[in-house]
Amino acid sequence: MQRIGVFVCHCGTNIAATVDVKAVAAALANEPGVVISQDYQYMCSESGQDLVKASIKEHNLTGVVVCSCSPRMHENTFRKAAASAGLNPYLVEIANIREQCSWIHKEIASATDKAIVLGKAAIAKVHLNTPLTAGESPVVKRALVIGGGIAGIQTALDIAEAGFEVDIVEKEPTIGGKMAQIDKTFPTLDCAACILTPKMVEAAQNEKITIHSFSEISDVKGFVGNFTVTIKKKARYVDETKCTGCGLCTEKCPMKKVPNEFNMGLDNRTAVYIPFAQAVPKVASIDPNYCLMLKNGKCGICSKVCSVGAIDYKQTDRFVEQKYGAIVVATGFNPIKPDKYDEFAYSWCPDVVTSLELERLMNAAGPNGGTLLRPSDKKHPHTIVFVQCVGSRCDDEKGKPYCSKICCMYTAKHAMLIREKYPDTEVYVFYIDVRTPGKNFDEFYRRAVEQYGVHYIKGMVGKVNPKSDGKIDVQASDLLTNEQLHIDADMVVLATAIEPDKTARPLATMLTTQMDTNDFFTEAHPKLRPVESATAGIFLSGACQGPKDIPETVAQASAAAAKAIGLLCKNSITCNPCVAHSDEMMCNGCSSCEKVCPYGAITYENKEFRMPDRTTAIRRVASVNPAVCQGCGACTVACPSGAMDLNGFSNSQIMSEVDAICK
Amino acid sequence: MQETMIKRAKELLADGTVNRVMGWKKGEFAYDSSPAVFESAEELERDFVCDDFTQANLSKYLIKESRKDGKILAFLKPCDTYSFNQLLNEHRIIRENVYVIGIPGGPKLDVEKIKAKGINGITGVSKDGFTLKIETLYGTETMPYYEAVSEKCSNCKSKLHVEYDELIGDEGTILNSKRFEMVEKLENMTAQERYDFWQGELSKCIRCNACRNVCPACTCENCVFDNPKSGIAQKAAADSFEEQMYHIIRAFHVAGRCTDCGECTRVCPVNIPLHLLNRKFIKDINSFYGEFQAGADRTTKCPLTDYDVNDCEPSIVHERGVE
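Residue numbers (this note's numbering), protein chains in the order written: chain A, 1 to 663; chain B, 1001 to 1323.
Think of the hints as simulated: they come from the structure by calculation, not from any bench.
No farther apart than 20 Å at their CA atoms in a straight line, the calculated lysine to any residue pairs in the SDA-like style are these:
1) B:Lys1301 to B:Ser1287
2) B:Lys1229 to A:Ala660
3) B:Lys1068 to A:Arg610
4) A:Lys595 to B:Ala1296
5) A:Lys378 to A:Thr425
6) B:Lys1064 to A:Arg619
7) B:Lys1068 to A:Pro612
8) A:Lys256 to A:Leu292
9) A:Lys595 to B:Asp1297
10) A:Lys607 to B:Asn1097
11) A:Lys232 to B:Asp1308
12) A:Lys607 to B:Ser1066
13) B:Lys1064 to A:Asn606
14) B:Lys1301 to A:Val637
15) A:Lys221 to A:Val320
16) B:Lys1301 to A:Val596
17) A:Lys502 to B:Val1309
18) A:Lys607 to B:Lys1068
19) B:Lys1068 to A:Arg619
The task is simple: from the sequences and hints, build the whole structure.
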């Protein structure tokens, strides 16, 4: 006979304000098998746990139901409490009467009814609970960092520093990411390359770090501590091990009209190219979309001039498989293309540029060698208008609902740099709000206004109208003086919103992690677990989780590294005992479960069986490797015969919960 | 054709390629042949039949037969080869133990449709243009040929043999069938009309289990309807909705694996158009995930147990609405 204890938590007023907890405890006391039912103000507190422990001993309980918050919060707390009182921790069930009840209902009567039903379902389930014992699985002492921007580099360096092997997978031919394209950094105005490139070199030189540049993740299998990842090394038609990065091929390449993505297409590169001088690895790549040899089979000049014979036109994509204990996602961001905003004339006026394009126009390695010139006629601009929040804080389909966070600061930086270098240039900044929280940030912005005389105007630009004389008429409203303005500008700079990289969504699918509606990765807890994803063993670094500036990115990158190191330090991790198992007498051997298993936990064997008709038959039956199974339950749903079942969430347990709710 | 088949079967028995032959056996009447295994030339000569009434899909029997000693010869019609392939995909049939001869398919005839014309005492049929000539104990009768064609053959999806070791006749091609016409009609009904249609049909069910027993997708070692642990085993229907439960559960169980062979409808003693439930699933799978034919090949994964990033979101069900 079951002896079940029910414990209803008030959670202060979180539950008790909407749910009549005393009525819940009283109603559940009448359920079959329940020997004690009581309520308490904070069940998760030390004294609340003591109450549970004392009841287990006093009433010799065989099962415990705690009606409280989500099992994500305190299931572990109560399992441990039960274990310390001598009850198997898997005989504890949580009825979530907070997130799924008190927080979403307003009426006390209906919320109380629902809490009782949820409690009844948990009691019905605990009747069928069985004691489970957790096993252990080893941890592979190697980490994978996806993305080689400043976030990925910092994470990799920190993990390597702790003594673990790290692989960086970067989709571009070089690591460095967006920071490599930036000219100067706020709020100190030091050169981005000067602080980034030492880190890039450090990563390349570190013996513990392997960089897979021009590579992508093509498959992820496994689980925390034991991921198996297939890395696709895209063909760059240059042997990485031979190329010395001398650059002779790039000088001789006859195909010189390829838009240079590193300079945002503002100048051209050759078909065989090294993205920029400090690229890591400094290895040439051939762009198959433009290479005459790869397209038409005619040319071969780079191959002739290469003294080490590194050019290989026959190279194909290669696949490398590697095991990892932890994975850090650092896929970063991209500015949106403002071509949907016809009012800003970006698509047809070359002198309307984005902020990242301006970074390149001002950079010494940029198209103009560091002199700020208009893209259209290469003349020095005398009036520049900055437009803030292009696509940010936007409530329509064209833009993003969120604040991109970094634009206020980099625009202040741009304005200040331009006024410093070209004092004859007038700079206007149109803003909705200026948001500068951060150490030394507001001081920085005030310096732009007060010391450098940048004209900050609260208001939005309504229309950007390129005129035939080369000037640009910027029509805007000044909300503080309530005036309509027309500014005769030479250049317009759009502070475009940033969005997660397009590779993030398919990656999230492979990693079985969650994303929000904007495709930013979702952290396990917005306040308390900001660098972990909800999937164990997957950590988040940098702007893939939300808009961030460099200091924040680096801080989060190191935090993600610390979490990964914490995992890699362990020799083994406790497995989840809620794993699937197959009833061999029912199994058809059809492979449905094997096909849906994301962890490769299911294998088949031919076994001899004594059949009901007293014959002996060899049958193909499934068997689950409990060390690999993660208890997702996909197999139990796919199994046509119902042979697959999940410990702790058996088909009969789920059905009895449903029955209890429907009764 | 029957003679060619018997001749070839005898050859394969004689040279030891196979030790058994799976085909159809003559019944008491001209139209009630049934699947059977033959072990000798004499048995073949005496009982083997392949005519206008040999509709039964033989592939399901090969699950057990392919596990016995020696190799078995199976004569498969095009539609049967789809079921055969699907069972191979599910590792239910041991391919090495089966020698498949592909034979031309239908159209086969449904004797019930002939009897419905008041024609009894049938001793044989023959086709004469668009007319079916029926010999009976009481003289010769005629009826339009197409009116006697069985349901499964009148909406034939394919005459292609997708798996065989040798062929009698040609390989055949996939047909442009109108098999979803009736499903579309049902879809265009209101929810109430549709409910009434199915309630009317399914309440005829006598739970004889013939549809399940004949279905090549229903091959579980222990069927949920026979498993007391499943909670739905052999329950007498408590209300009119439970009359639907059996068939709805069965349609879900075979979804993505049903090749649309039509055997369920053929064997139903109370003439429930069960194939329409399965066809609805097939039509939905086609529209959600792109064209998919279960059993068409040995490599394509069923979209219901495979994931692709381009798969439709579950919200499509909500967006499409219930009507």
